[in-house]
Every structure is written in structure tokens, then in C-alpha cells.
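Between the sequences and the hints, there should be enough to build the whole structure, so can you do that?
Chains as they are written, first to last, in the working numbering: chain A, 1 to 117; chain B, 1 to 114.
Hint data in this document are derived by calculation from the structure and do not stem from the laboratory.
Glycine included, C-beta positions come from ideal geometry on N, C-alpha and C.
Careful, some of the hints might be misleading.
To be verified - Facing chain A, a subset of chain B residues (Cβ under 7 angstroms, in silico): (1) Gly42; (2) Leu43; (3) Lys106.
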Amino acid sequence: EAGVTQFPSHSVIEKGQTVTLRCDPISGHDNLYWYRRVMGKEIKFLLHFVKESKQDESGMPNNRFLAERTGGTYSTLKVQPAELEDSGVYFCASSQDNYRVSTDTQYFGPGTRLTVL
Amino acid sequence: SQQGEEDPQALSIQEGENATMNCSYKTSINNLQWYRQNSGRGLVHLILIRSNEREKHSGRLRVTLDTSKKSSSLLITASRAADTASYFCATDEASGGSNYKLTFGKGTLLTVNP
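What follows is the structure in C-alpha cells.
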């Protein structure tokens with residue numbers, strides 16, 4: 001079974017440009033998450049989808065970030081316009097929906113390293 | 001300090017030795033998970049321990065959880081050079097409803113010297 005995949009693995013853009021990151025979760029996983037690690041800091045939660053619905057987007061930094069998950073399969077995270085402080089590694093994770101427990105194992109993708117110049 | 005804070009920040013040992021990393025957190029949790037990240041790669045899930053569990057084993061890994069002290073430890077026995085990586089604990093807060101958001105610490109950088 002394929003794991004969580006992310007594309008691209010690296011992206012270098014200039015300030016003011018737009019970048020779209022993609023995440024393909026493990027097949028059959030209803031839950032999809034985006035996290036970000038800015039240099040030297042902790043990995044921080046951005047948002048959580050259950051199927052195509054945004055369950056929690058409390059971690060999104062500002063309205064320059066837009067996440068979608070049309071059809072409840074893959075997800076995109078668009079940054080427009082990108083700023084210098086957006087540089088970091090963006091991780092996607094997915095988990096099955098398990099009603100027996102409140103949280104199930106989250107499986108992470110390899111991340112997209114974003115550099116804004 | 002922040003939820004899911006690991007110590008030490010860095011640990012260097014010789015191959016064959018045991019490595020112990022600790023994690024402290026502040027709020028009540030449902031579960032605590034440990035992840036590993038090799039340089040430049042993604043996070044690999046190692047083990048999940050639920051709040052009603054005290055100890056869990058997986059191969060050379062042993063995780064303990066003390067909810068009264070809000071702390072966890074990860075023990076890697078008979079370490080290998082391939083265990084060199086950053087190790088993170090992640091907690092999810094028991095907020096009464098379904099809360100899947102993980103809170104990570106800054107991690108412990110483990111270096112195993114051959």
C-alpha cells in the first residue's frame with residue numbers, strides 16, 4: 001500500500017509569487033492534515049479535513065493560505081502571495097476515521113520544502 | 001515551555017548503547033505518539049501509546065507514559081548508526097470532543113556513532 005505522497009519535494013519561489021502544494025493521502029483515509037515546520041521551530045498544525053470538509057483550520061497563519069480537498073481525495077495547499085516567512089517544510093498526514101478512539105495514528109508524507117526568496 | 005517538549009535536545013552515543021529521550025506535556029491527552037525524522041526526510045511513525053497505557057514495546061523501542069507527571073520516555077536499546085535521526089513526541093489534547101490536532105515538541109537529535 002502506498003504511503004502519503006507530496007508534490008513537489010522542493011519549491012523555490014520569489015516573494016509575491018504563488019505556490020500550490022499537493023498531498024495524496026493513503027487510500028481510504030478520511031482524515032487529512034497539513035502541518036508546517038519553520039526553520040528552528042516546532043512542527044505546527046495548520047488544518048484538518050474529514051473527507052472534503054474542513055474540520056479544524058485554526059492553525060492556518062492568515063488568508064494567504066488556502067487549502068482544498070475536492071472530492072475528499074487529494075488536497076492542495078496554496079500560498080498566494082508567498083512571503084519570506086512562509087519558508088519551511090510543509091507536511092501532510094492522513095489517518096483512518098476510527099470511532100472507537102479519539103485519535104488514530106497519523107501517517108506523514110515526506111514533506112515539501114518551500115523556500116521563498 | 002510548550003506542549004510535547006523533548007529533552008535532551010541533542011544526544012550522542014556509541015553504537016550498542018541505549019538511548020533515552022524524554023517528553024513532557026502540559027494538558028490532558030488522549031494519546032502520545034513518537035516519530036522519527038531522518039535528515040531531509042519525512043516523519044516516520046514509531047509508536048502510539050494511549051492515555052490508559054503505561055508502557056508499550058515495539059522491537060527495540062520501549063515507551064512509557066506517566067499521565068500523573070505528564071511525561072513520556074522513549075528508550076532505544078542496542079542502538080545502531082541507522083538510528084541517527086531526530087525524534088519527536090506528539091500529543092493530542094483531550095478536549096472532550098474529537099480533536100485530532102497533534103502538538104509537537106522541538107525534538108531530540110540523536111547521533112549514534114559507529
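Quick rundown of the hints versus the structure:
1. Gly42: 4 angstroms, holds
2. Leu43: With Cβ-Cβ at 4 angstroms, under 7 angstroms, it holds.
3. Lys106: Since the shortest Cβ distance to chain A is 5 angstroms, the answer is holds.
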